[in-house]
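Asks: Given only the sequences and the hints, what does the whole structure look like? Please build it.
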Amino acid sequence: MVYNPSEFVSTESVAMLTTKDPVSPEESETPNTVEIPQFRDDRGIDRKGVAIAAALLLACGGFVAYGVLSSDDAPAPQQATPVASVTYAVLGEGTADISYRGPGGAKATVVTNARLPWKKTVSVPLGASSIVSVTLGENGGTASCTLAVGGRHIQRGTAIGAFGRTTCSSTLPAPAVSTASEEAA
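Anchor point for the sequence shown: position 12 equals 853 in the numbering used here, and the numbering is continuous, going up by one each time.
Just so you know, these hints were derived from the structure itself, not from any lab. For each residue, glycine too, the CB sits at the ideal point set by N, CA and C. Heads up, none of these hints are tricks.
Label-pair distances were calculated between CB atoms; the ranges are:
no.	residue 1	residue 2	range
1	Arg997	Asp938	15 to 23 Å
2	His994	Thr953	21 to 29 Å
3	Ser964	Ala896	53 to 61 Å
4	Asp938	Gly992	20 to 28 Å
5	Val905	Pro958	56 to 64 Å
6	Thr950	Ala894	57 to 65 Å
7	Thr922	Val891	53 to 61 Å
8	Val905	Val952	46 to 54 Å
9	Leu898	Thr950	51 to 59 Å
10	Ala949	His994	18 to 26 Å
11	Ala949	Cys901	49 to 57 Å
12	Leu932	Thr953	16 to 24 Å
Replies: Take a look at the structure:
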């Protein structure tokens, strides 16, 4: 856009033009009026169109956010895996390294230098193995492990001497599988 000083008239010059001594009607054919040119936007920007586009964009964004955050499409709850209560116990004196299968059923949990006697009850998924291993240190000694499922004693093992080891394990029964024909009966 090129600046043309003749297009703009300041308010001072308007005041000056209107405060001049009036020209008598005989001297001029037009009355004492001054025309002030209007500011024009030659860039061709339609401000109403921009405002409408912005409003539509905000509305679309709101619908997208509502769709993402909507709880109507929440994932279906997963069926709970049946579990059994397993109690591991290690009896003896001193300390031992103990590893056992915990709630996840896949990874063993390791307790280093556990003070004896030691006891832990966890939930293990049906169909998985429950296992506890005991390793004595270089000072040796005697330690025994026991394994109980649902309060019922399953197995016992004993470790003796320096770096003695023992393991108690049991495979839990597989969960009962119901079929449609069993449910109908």
